[in-house]
Amino acid sequence: MKRLPLDGVRVLDLTMMWAGPYATKMLGEMGAEVIKIESPRAWDNIRTLLPRTDQVEDPWNSAFYFAEYNHEKKSVTLDLARDAGREAFLRLVANSDVVIENYRADVMDKLGLGTDVLLGANPNLIYVSMAGFGKTGGDRDNVGYGPIIEMMSGLMSLSGYDPDTPQKTGISYGDPVAGLAAVGAVALALIARRRTGKGAVIDLSQQEVSVKMAGIAFAELARTGAVSPPTGNRHPRWAPQGCYQVRGDDQWIVVSCPDDETWRACAETIGRPDLADLTLEERRARHDELDAAISAWAAPIDGRVAVDVLQEAGVPAGRVLDMRTIKDDPHLYVRNFWIRVPNPKMHPYRKHGVVWRLLEANPTITRHAPYLGADNRSVLSEVAGLGDAEIDQLEADGIIADTLGEVAFG
Amino acid sequence: MESSPLEGIRVVELGGGIPAGYCSHLLAGYGADVVQIGDPGLTEDEDRYLSRGKRRVPMPDADDLHALLTAAHVVVDGRAPADGDAGMPGARQLRERYPHLVITSLTPFGLDGPHAEHRATNIVSFASGGIMALTGERDRPPLQTGGEQAFMLGGLHGFAATATALLGALIQGEGDLIDISFQECAASMLEYCAAAWEYESLFVERSGNTPRPEWGVYRVADGWAGVCCLGRQIPALLDVLGVEQEPRWLDPVQRTEHADELSAHILVFMAERTKDEIVALGPPNKVPFGAVRTPAELVNHSPLLERGFFDDGPDGRLPGRPFPGLTWVRLQPVVQAGIDEVLSTWGRVAEEVAS
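Residue numbers (my numbering), protein chains in the order written: chain A, -16 to 393; chain B, 124 to 478.
Next up, chain A with everything else stripped away, as it sits in the complex (with noise of 0.2 angstroms):
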């Protein structure tokens, strides 16, 4: 594939926080034009979340947290709640592809631009909605990010260090999760449109997104009745497995023996031959004194000369990567994966680069997370059509801007 395959695909993108930019990130890094839209008075929060240590005129501009999201797309303000911004807005819908949101259920409909209306500007327009639990149904108006979605998908139930205490993920897993289900529907229904000529309206549910992440469970739940209680950092068919202690301010290896071969090979690795003939039910039954013996073994060594050995012995283990150690990590330097993308506005660090690394088609990032409004002029006259002098109306009205003045972090 010679061209990134969503060349000459436009996206009008209304999302904001993490699930939907998370999406359209992607799209832009497979090479759609995506023109991320925010009112003036009610800018993608991500901007201005994290309190600043640094002074800088415009920090909605140089966010590191917005940076990390948002990097392959362009930046118009319009403010959707006054007629001359729904209307420009309408005029952009009628030359894109695709417009996404993942606002609360009813803020389209409230804004004026529901389904109906977005269709009637654009008949064969794929329109896709990221609302926590739908626009339909009874939960539609329930409101939440990322760990209530986990929470109420029945993915938090299953992680625990004993049965009874849920632990949530460190991350908000539901939005990443949901917004790489967003960019599959985009494609999906890009592939239908170009068959049968017509658009389509996805009514995507975050929270339906992680409950489909934890179907394994409801498998086991439709075969026995039940669903097995969580088990920590232990497997609930082989053993030994668990989080260990490693030499260094907390750091910790992870060990993994699925089957009685990596753990005669373990055993030897650390120093245990005297265990290395336990079969799985004895393994099991002695848990913990395996935990003791692979934690005695591994706390004076530093993780990544403890994963070597063991990975050389063939015992599968990896070291738990923070956030300091995951930048150095050999294997993702050698891959290129941290990128530094040029802002002005920033003063250079490492970002993550694109995950999916189509071998020919090649996406790679060039184009830093954009300045509020920075495209304003170029996408309302080429995209919209509007002139000059329409546009000089607009910032004259204050329905686009490209600043935010005083702002309040949080």
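To be clear, the hints were calculated from the coordinates, so they are not data collected in a lab.
Just so it is clear, CB atoms sit at the ideal spot from N, CA and C, and this is done for glycine as well.
Careful, some of the hints might be misleading.
[Stated by the list, open to error] Cβ-to-Cβ under 8 angstroms is the rule here; a few derived chain A residues that face chain B: (1) A170; (2) L187; (3) R206; (4) C226.
[Stated by the list, open to error] Listed next, the stretches of chain A that the computed footprint assigns to chain B, with coverage defined by at least 3 CB atoms under 8 angstroms from CB atoms of chain B: (5) -16 to -3; (6) 41 to 55; (7) 120 to 127; (8) 132 to 142; (9) 145 to 153; (10) 299 to 309; (11) 312 to 318.
Following the hints, put chain B in place on chain A, whose structure we already have.
For chain B alone, kept in the frame of chain A given last:
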């Protein structure tokens, strides 16, 4: 009924495992004809969930494999470099020999690099991607998320990437090889945490179930529930709690200083209510409340049933389409098939392609 978006798309699943299984399950659900080569190495529950809607064939000989790959549009390749090639061409060789194919390679560490041949189970993949270091209580070891999430996440990435690349292949008439590493899938999802260390020297560690009073999980009368409020939602939360709107709660710096007091208010409020009562407070007050639901609760949850989320089939009620709006196929349990049977339909296509 409209046709499924992937009707007429032929997919070969190689190597088995959860990531390839989940990726091609989603492709099958949206209408692709998926042929699974050999034993996928799944447990009974994994197999029931992930292999629905597919045909499973025995390992083909070289000629039959060639015929399958010639007729296919997509290969979902779950073979890791550490698994060895078992006499079959690797992902890169497939790309050279069958340039029309979209080949989605799903591996723990990618196809190259110093750890490419490392062996990995789900927990090893979860640990290597950074999410595990952020999960769990600070005074206990890092914790994996349940439900084989590193592998499921790899499969979800695979699905979205495959669908995207397939569109490109249909337009451009040529496929590509997509190298997806589970480590990188997770490492691209570290929220602000990885950037915070490098940009601000702010080291984010695991902070348990309740990193902040207004962002956490609490015990309630019949289980666990939670709240996740941004600054702008704090006033509404205070109203619900019946707590006066004072600067020590409203100001983010003061709120941190008085975190224990706010936690105590929320703790008591939650403990006196049930999960349903907490969740019901969310919509009218615009406060993000939730409850820890279990699969047993969700399987009969009427809003999900109203939306037609589940598939009811011979293996019971299982999560169905991830999103509505595109036709999802009624998936039947996996069918054992002979290579000849598959080639009787696919082979004709291959002959047409060859001619």
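For each hint, the structure was consulted:
no. : hint       : result
1   : A170       : holds, 4 angstroms
2   : L187       : holds, 4 angstroms
3   : R206       : holds, 6 angstroms
4   : C226       : holds, 4 angstroms
5   : -16 to -3  : holds (count 7)
6   : 41 to 55   : holds (count 4)
7   : 120 to 127 : holds (count 8)
8   : 132 to 142 : holds (count 10)
9   : 145 to 153 : holds (count 6)
10  : 299 to 309 : holds (count 10)
11  : 312 to 318 : holds (count 6)
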